[in-house]
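Can you build the whole structure from these sequences, using the hints too?
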Amino acid sequence: MTSTPPADLKYTAEHEWLSSSDPATVGITDVAADALGDVVYLELPAVGAKVVAGAVVGEIESTKSVSELYSPVTGVVVEVNQAAVDDPALVNADPFGAGWLFTVQVESTGALLDAEQYAALS
Amino acid sequence: MTDATTDPRPTPLRAAHEALGATLVPFAGWLMPLRYTSDLAEHSAVRTAAGLFDLSHMGEIGVRGPGAAGFLDLALVGNLSALRTNGARYTMICAADGGVIDDLIVYRVDEAEYMVVANASNHEAVLAELAARATGLEVTISDDSPATALVAVQGPRALEIVEALPGLVVDPALGVTPATLKYYAFLPVTVDGTAGMLARTGYTGEDGFEFFVPAPVAPALWAALLTTGEPFGLVPAGLAARDSLRLEAGMPLYGHELDATTTPYDAGLGRVVKLDKIGADGAAIPFVGREPLAARAQQPGTRTLVGLEGLGRRAARDGYAVLADGTPVGVVTSGMPSPTLGHPIAMAYVPPELSEPGTELAVDVRGRAEPVRVVALPFYRRAR
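The listed protein sequences derive, respectively, from chains A and B. With the numbering used here, letter number 30 in the first sequence gets 30, and the count goes up by one each step, no holes. Start counting at 1 in the second sequence, then tack on 1000, and there's your number in the numbering used here.
The reader is advised that the hints may include incorrect statements.
Here are some, though not all, of the chain A residues that point toward chain B, as calculated from beta-carbon distances under 7 angstroms [claimed, not checked]: (1) G37; (2) D38; (3) V40; (4) Y41; (5) T63; (6) K64.
Interface residues of chain B toward chain A, partial, derived using beta-carbon atoms under 10 angstroms [to be verified]: (7) D1039; (8) L1040; (9) H1043; (10) S1244; (11) R1246; (12) P1337.
Note that these hints are calculated values from the structure, not bench results. Glycine included, every Cβ here is placed at the ideal spot set by N, Cα and C.
So this is what it looks like as structure tokens:
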């Protein structure tokens, strides 16, 4: 059911992904999206908010369950994906693409995994 | 109790679920489909067209013998001797202290034969309780569950699908068809020549039917219902949709709204307790739990089950505290964002003085108080 995670992204053990762009984009993986079921509500950090690697920055809620969103990096939020807030189904439909969550000006990163290490977890 | 160390049991439809790409999860000792594609799509299909459910994990228990009716009047809180043949009734089995062991649907197959359907999680406990309560009576208790599959078609198009199902034969001498079958009644039928039961029961808040058939014929019935139902918009639906549908319909789920510390009165289901049922000797039947339940019926109780409508976006979940003026006063038993209504809903136990519809309360959702309002149950009622 789940595909190979994209090789150009970094991952956390909590199933977030991080792009190498600047600012970096953060989302959740297909593994996390599938486990949650249909996402119906996203609570994301505000633009300009300071986020800390490993700390809770939001919530992802489905009918079945709710999951906390952890920031993979320390930095300042540049943009949130309003399209995903308005239509959380994007997170299920395209977790590595249109279902991205927020972008962040990175100051430092937490412990990150490459695609191979992340795939070995799941 | 289910032995957690053993592998979950597959239903007779496991191969069909796998072929449909279902996410299979352990549930009450069984390997069950959680979803096939999308929880929301499956939920919505049941509200607008139809869904097909494998409920073969439910526990079918046969009660047979000349003493069957009298036995059930003693063992359960309901008046089952008054149930007519081919009728079904929602009832409960309680402990001696009045706590709920399980909620049940009882089907009267014949004058001296009933089928008791228990929740999968309580199947063994109910079986053991019934066997213990049958001692010395002219009745045989048998576990018919391994031999029985249960497949449900639920939704506004369910009747059309059942009517279009090839191979379904109803004896015209019965004078009842699927269309004229009443809610909480059933028909003996044959499906491709195999005898089964077609019941107008369900757990979704929609019209619908449940097929009880011998396990070996379940795959063919499942396939025929999928094919027949497809033009009507039927999709297979998993446990996730079943839970969101029953919560919108305000129906209790054992382990959430009901448990051994709960009486039927606490859950607002005191109507199932027939304190005044009378035996052949003209005396009140001393059914198990009668005395404490009779006492409870005379008191207001310390808590009552209510519906809560979330005024914010974040949903309450099972176990979260209900707050009044910042102080914990109750506990949530089930909660989720309602797919049909578009806002959070929950059921919760609160003190009776805070149970009036319109009462403004809050729920502690992971450290933040979210405003909620008490509303009458059910949250969702289908148009008729």
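How the hints compare with the structure:
no.: 1; hint: G37; result: 4 angstroms, holds
no.: 2; hint: D38; result: 4 angstroms, holds
no.: 3; hint: V40; result: 5 angstroms, holds
no.: 4; hint: Y41; result: 5 angstroms, holds
no.: 5; hint: T63; result: 5 angstroms, holds
no.: 6; hint: K64; result: 5 angstroms, holds
no.: 7; hint: D1039; result: 4 angstroms, holds
no.: 8; hint: L1040; result: 4 angstroms, holds
no.: 9; hint: H1043; result: 7 angstroms, holds
no.: 10; hint: S1244; result: 5 angstroms, holds
no.: 11; hint: R1246; result: 12 angstroms, violated
no.: 12; hint: P1337; result: 5 angstroms, holds
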